[in-house]
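Asker: The residues making up each chain are set out below.
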Amino acid sequence: MSEGDQIMRGKVYVLGDNIDTDQIIPAEFLNLVPTIPEEYRKLGARALAGLPDEMPPFVTDGNDKSEFSIVVAGRNFGCGSSREHAPICLGAAGINAVVAETYARIFFRNSVATGELYPLESAARLCDVFQTGDEAEIDLDSGIIVRTATGERFELKPLGPVAPVIDAGGIFGYARKTGMIS
Amino acid sequence: MATTTEKILARAAGQAKVEPGDNVWVDTDILLTHDVCGPGTIGVFKREFGQDAKVWDPEKVVIIPDHYIFTKDDKAHRNVDILRDFVKEQGLPYYYDVGTRDYRGVCHVALPQEGHVRPGEVIFGTDSHTCTHGALGAFSTGIGNTDAGFILGTGKLLVKIPPTLRFVLNGEKPEWVTGKDIILRIIGDIGVDGANYCAMEFVGETITAMSIEERMTICNMAIEAGGKNGIIHADEKTCDYVKARTDKPFEPQNGDLDAPVAMEKSYDVSSFVPCVAEPSLPSNYAPAGDRNDVKLTRAYIGSCTGGKITDFIMAAKILKGRKVSIDTFLVPATTTVAEGLMSETIDGVSLVEIFAEAGCLDIAPPSCAACLGGPADTFGRAQHEEVVISTTNRNFIGRMGSKQAQIYLASPLTAAASAVAGHITDPREMM
Chain A
3 MSEGDQIMRG KVYVLGDNID TDQIIPAEFL NLVPTIPEEY RKLGARALAG LPDEMPPFVT
63 DGNDKSEFSI VVAGRNFGCG SSREHAPICL GAAGINAVVA ETYARIFFRN SVATGELYPL
123 ESAARLCDVF QTGDEAEIDL DSGIIVRTAT GERFELKPLG PVAPVIDAGG IFGYARKTGM
183 IS
Chain B
2 MATTTEKILA RAAGQAKVEP GDNVWVDTDI LLTHDVCGPG TIGVFKREFG QDAKVWDPEK
62 VVIIPDHYIF TKDDKAHRNV DILRDFVKEQ GLPYYYDVGT RDYRGVCHVA LPQEGHVRPG
122 EVIFGTDSHT CTHGALGAFS TGIGNTDAGF ILGTGKLLVK IPPTLRFVLN GEKPEWVTGK
182 DIILRIIGDI GVDGANYCAM EFVGETITAM SIEERMTICN MAIEAGGKNG IIHADEKTCD
242 YVKARTDKPF EPQNGDLDAP VAMEKSYDVS SFVPCVAEPS LPSNYAPAGD RNDVKLTRAY
302 IGSCTGGKIT DFIMAAKILK GRKVSIDTFL VPATTTVAEG LMSETIDGVS LVEIFAEAGC
362 LDIAPPSCAA CLGGPADTFG RAQHEEVVIS TTNRNFIGRM GSKQAQIYLA SPLTAAASAV
422 AGHITDPREM M
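Taken in order, these protein sequences are the chains called A and B.
Residue numbers for the first sequence follow the numbering used here, beginning at 3 and rising by one.
Residue numbers for the second sequence follow the numbering used here, beginning at 2 and rising by one.
There may be inaccurate statements among the hints.
[What the hints assert, rightly or not] Residues from chain A shown here face chain B by an in silico Cβ test under 7 Å; the list is partial: (1) Asp22; (2) Asp24; (3) Phe31; (4) Leu32; (5) Ser83; (6) Leu161; (7) Phe174.
Hints are computed from structural coordinates only; laboratory data are not their basis.
Just so we're clear, the structure is a prediction, and the values are computed from it rather than from any experiment.
Backbone N, C-alpha and C define an ideal beta-carbon position, used for all residues, glycine too.
Model the full structure from these sequences, guided by the hints.
Answerer: So this is what it looks like as structure tokens:
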């Protein structure tokens, strides 16, 4: 994601509480190395492959990108493993932002450090409002997510102290900007 | 006044004091990585610092392949080759290579075992169960590849100082209650996000009386409540354990017991009972004796949580003179644990013999194995609708392989008693 993408529009995929990293990317796919471009794409193809089988497909067979670009979820999104493959597979599949009530710490941190996606927090429980397939628009500057069909507007919490790291594109960008590394 | 976590991080940041919520750059004492996240970490390091870049301090990098070792998966072997090449190129002294006498197995058991965990130090690892090492009075937490790549180049990381949640554990621990039962009870009380972003500090007479390995079991699962780190004060037992394994000097940074914390919760451990965590969250606490209705198809004893020598000794106490009635998989965490299975005895009978006579499957070589599923040919991986009682740390959907499998987390005592009965069983019935 590049700087200046302040408006994001796309289809929403809705999940509940405690979506763990094994559901986001099952361990059998951790043999893929995210920094190898071909394997980065393959991780996208396997994003959310660990969800229960009754869930609608996130990436359809034969594709490595999802038709969805926003995930809306409940509490404690990304709990479990420190596998960076988790935010990376979502980013590789084309997810620009996750909007959850709360995040597990390491997933949040990895999203920020990699700059793969915006881990946004909603004030309200949006996973009970949005349905998979809804269109939504996120305005980062005004901190709002809009449900396109109804025009309903929901507040996003400010990013706080991680905002400058996200704005710099991740921890390396931030460290260069602040003179920590050259 | 400051907690142990605050004291360690203040020292590592070169500051007199830090407060919860502060964001500070800290110096790293040990960076741990393994075969699943090491290759990506190396990829980030080379992409950002250049193909010819050198790590900040070869003495402080420890690489322990352990996840996908005994598999035919080509990429898993390719990933170990990436580690091997990097170690050679960088001249790293602490690499525990697959297929050699240096191979150890599960990183979180090997790291302290080989003397890389020292009180007062800062440890980062590319694995969420890096929180295990707080059991020896170190600040230790799991990070992703990008942060680890950054550390490889700089030795530093930007961290937010976590608020501390203090768990005061008093009372005499009954012999049927283990570290696993204690941490499952706490996670059951506070939930899988009950300690999100926080340090979980464990104090009290019960902790003081516990072995280092049992303390490790408790800190290992801090992440299952969302904790950033688990931490236990370094005492004489800790220092003796560490000094027996390394000549490197260390300075414990024990906190003030009256330092203000975000929450304090007290328990009388004498009232605890053997328990399980039901599918599919570690917080789904139930006393083992209440779930005799759950029929099992498999028992699994292994991993960084429940594959240490003390865990196998507990299981052997139950299994001696009894027969298991379901497939029982045993995976020692490290080669040292595997050797212990031969040298440790109960009434003159080795653990290996006890397990063989009980009808357990042949003991597997040390690795993470089926704790996290892994490649399809992984030893003990759930492939269908298995109902597993396991000494591991996670029972998420699909965690041990098949999404249809049901995983119950338990102590080695409860897992062994349940393996004998074929259904979830309170080990007191066999003690």
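Asker: A closest beta-carbon separation below 7 Å is what the hint needs, so does A:Asp22 meet it against chain B?
Answerer: holds (4 Å)
Asker: Is the shortest C-beta separation between A:Phe31 and chain B less than 7 Å?
Answerer: Violated - the Cβ of A:Phe31 stays beyond 7 Å from chain B, reaching only about 10 Å at its closest.
Asker: Regarding the hint that A:Ser83 lies at the interface with chain B, is the smallest CB-CB distance below 7 Å?
Answerer: holds (5 Å)
Asker: Given A:Phe174 as an interface hint, is its Cβ closer than 7 Å to any Cβ of chain B?
Answerer: holds (5 Å)
Asker: Per the CB criterion, is A:Leu161 less than 7 Å away from chain B?
Answerer: violated (13 Å)
Asker: Taking 7 Å as the limit, does the beta-carbon of A:Asp24 come near enough to a beta-carbon in chain B?
Answerer: holds (5 Å)
Asker: Holds or violated: A:Leu32 as interface residue toward chain B, Cβ cutoff 7 Å?
Answerer: holds (5 Å)
Violation of the numbered hints given earlier is confined to hints 3, 6; the remaining hints are satisfied by the structure.
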